[in-house]
Amino acid sequence: MIVMRDLMLRLVLWLLLAPLLPGIINKVKAWVAGRRGPPVLQLYYDLAKLWRKGVVMSNLASPGFIIGPAVAWVALIGAALLMPLGPAGSVVSFRGDVLLLIYLLALARFCTAWAAMETGSAFEGMGAAREVSYAVLTEAAIIAAVLSLIVHTGSVSLSTMLAPSAGAGAALLVAGLFTVLLAENCRVPFDDPNTHLELTMIHEVMVLDHSGPPLAAILHGASIKLLLFSILLVQAVLPMGDLSPLAAAGALAVGVLLVTVGVGLVESLLARFAFRRVPLLLTTAFLLCVFALLVAWKGDAP
Amino acid sequence: MTLGLLLLIAFLALSASIVVGFRRPRIWLALTVAGAMLGMTAALRVLLGGESGEWQSGFLLGGETLHLRLDGVSALFLMLVAVIGGTGAVYSHEYWADQHNPSTAPRGRVCWSALLICMGLVLLVSNGLHFLIVWELFALCGYFLITLDRERNGVRAAGWLYLVASHAGTLGLFAFFALLASRTGSWNLGPMRAHAELAPLFWLALFGFGVKAGFFPLHIWLPSAHANAPSHVSAIMSGVAIKLGVYGIVRFSGWLPIPPAAGWVVTGLGATSALLGIAFAFAQNDFKRLLAYCSVENIGIIMIGVGVALLAMTHGNAPWGRLALAGALLHVWNHGAFKALLFFGAGSVLHATGTREMSRLGGLARVMPWTAGLFALGTLAVAGLPPLNGFVSEWLLYLGLFAVVTGKGVTAWIAMPAAIMLAMAGAIALASFAKAGAVIFLGAARTQPAAQAHECGYWMRGPMLVLASICVVIGLAPVLCWPAVAGAVASWHPTWAIGEPPVSLVTLGSAQIALAIMILAAAAWLWWTAYHNGLQRGPTWDCGYATPRARMQYTSASFAGIVSGWFRWVLQPERKARRPRGDFPAEAIRLEHMPETVLEHIIAPVGGLIMQASSTVLRLQHGRLQFYILYVLAGLIGIGLFVFWGCIP
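If you're matching them up, the sequences are chains X and L in order. Each residue of the first sequence is one higher than the last, beginning at 1 in my numbering. Each residue of the second sequence is one higher than the last, beginning at 303 in my numbering.
Hints in this document: simulated from the structure, not taken from any laboratory.
Think about it this way: if two alpha-carbon atoms lie no more than 25 Å apart in a straight line, the pair counts; the simulated SDA-like pairs of lysine to any residue are:
{"hint": "1", "chain 1": "L", "residue 1": "Lys878", "chain 2": "L", "residue 2": "Pro897"}
{"hint": "2", "chain 1": "L", "residue 1": "Lys878", "chain 2": "X", "residue 2": "Arg276"}
{"hint": "3", "chain 1": "X", "residue 1": "Lys53", "chain 2": "L", "residue 2": "Leu822"}
Work the whole structure out from these sequences, hints included.
Structure (structure tokens):
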């Protein structure tokens, strides 16, 4: 029962806190540009409005058009529930849970791409193709990062893997994982979350035809994914296990805030890359993670 | 009923079905399914009940006594033969029915039963000579099934390639079994790990069985054979026949001593095969070829597990080997189930539309909802996504690889690249099947045949439902399969008994169930909310694009463009393009052909050289008698000189 209560608490926490991050990013961007910007809680208002709206569905679409976002949403929430939260640890922790997390993200990707293809639109096909193609490189980078943590800690379970700091390779790992975070969450320089036209042809274009509650699920899922990656990044680097619970909670919160502000700054100061260069940047992220792996191997060798 | 009796009745039922197969399709179906069920019961009794059987009789066949054996390893594969053999028989009852294929359907039924018998015997016989005989018969049955539709050129070419490749492999096996028999002095097979001098024979077995298993670069026959065969045959070839190659490698690496490099080579081959196989699959435009290349990938995944187990054997029986082998063996079942499901789905599409080109299809989900739903489930399983079965076996395999890495031995240097390549292969598999499912079933119909498609009947739907439920059950309750897999691992190597399922597998099972429940709940909730708020239908918005046409949709080639660009060095695509010219261009063409690189760029040139050399030699054979007499004379003089010099000490 305690497990169930803990799980429910976390679920509520994730559902409620996640939409805060895009708001903060937008505030940072507005601040850099000297505008006032939308309120921090804008995404909450949007979600509430979308949830009450009706749905317009393409004539071509089958029920997968609505089931896809639902599955993706659940997959992202499930991945979030697996993530240990600083001093609170994780509710469900087992050997190899990190793989379940990675593959849940993959499930979300598959379902979003599937729902996008339902419409038969060339734009959305283009977005889906790019999404699943670039994910090949990000997945390699993530596995390399996970391997470096495994080598460093000798554990295959998230809660023990993320407890100590990343050691000597931390800087490499931060750079690699931050790039992966930007790519996986459709941020500049990979994608531009502000426009929905052909300029932003990865994640955002896949949701062109969605409306109402399914769109709300997609947007909310995206914010959960952003929070998930920020927490992963912070916990991979900071020695969560060595801090007192209060300090760890504070460090986690500050770390996530820093990552969010960092995303906002990158978005304000950098332009979107040409598509030709996206694979290069992702390969760089992969190589950074591989180097982190090698450093971890060398640093901890007996 | 004893184990032996069960198998005997299964054999008799299948033999009887060969006899009645020509005239009586319904009796044939009943007998085949009964034989498959009996075989399945026997396999289950070995796997779950822990029995094992060994039978020897004085009856001589080819000068050798009959020696059969059914243990954990062979029972695991026998189960697969029985399940796919039974469901495939039911499927073919409608798919390759007498009224559509009056001339070939009876032959197909007979060959199907013969194939099942031969595959069962390959798993049972324990005598080198008899193994070679049934192996050859099994290959021939496969050939006749692949070439059922031999009116078409492509089918004949594919069958021919299959036959040649298969015999190249059998040649390796001839050498393997003959050398084995000459070293041990008997054709009898069984555990002989003490004879260290037999270790180099492993390479022969790896080649011989590897051709059948079809891992890269020995896969050359596989794509065309699986694509051109009737779909129920593709299902059994892809789901089961290539697994018998895996069976051979697993069986003989367990019975014989292995060279120290074996684990490294097999893991490396597996990882390469996984990554390149799926890269080829993603680039295909023919959906059955895509599925065939995906089998190359999955065999690679299985080989990674086997390779890690071999590494563990040469590195002090490390415990991670068991985990990886368990993952590999479970993947044998999983791949069998979802690949057969996908081939059955592909068969329904082919049956309904008559084309294998993905870019001529589209929008089939509306006319074939059952096929679309089941195919979608298969794509989720094959992409290794939770909560289905593909994820469970890949998860076990990853755990084995990660355990190698945490061991920090020298073996980590192969495990780390293998894990990264496996992850990339997984991501490309997801992309490939997002493409296949979406281009075939979603959007608008691109051609007339796709618009006029029809749903398949109950006989085709039933087997797909059975296989889909296997995928779901193994995914949600992996613990149920554990005794079977653990038993197989234990009989592979007696000191490797693993006993109880690991705690994490039990937790994973509950997590998968929770996930499935959450998915159902969320889907229902979102659907209900959408309906409650009002659901309208309209044209695809598409950024307000006014008159989209079906041909403007993203095609399979455009979907795969980015990744096939990365793999251009190995894919070697052949492009032919004529750009539109002038103000009123009359025509523009862009053709793209994905060759089978190893076959067309390596095997074919080498074969061409051999043919050239042969035709040069052929010039000596011109039919003029005088010259023949001259040859004889020259030969005699040559021999004379040889003898003359030979006599001088």
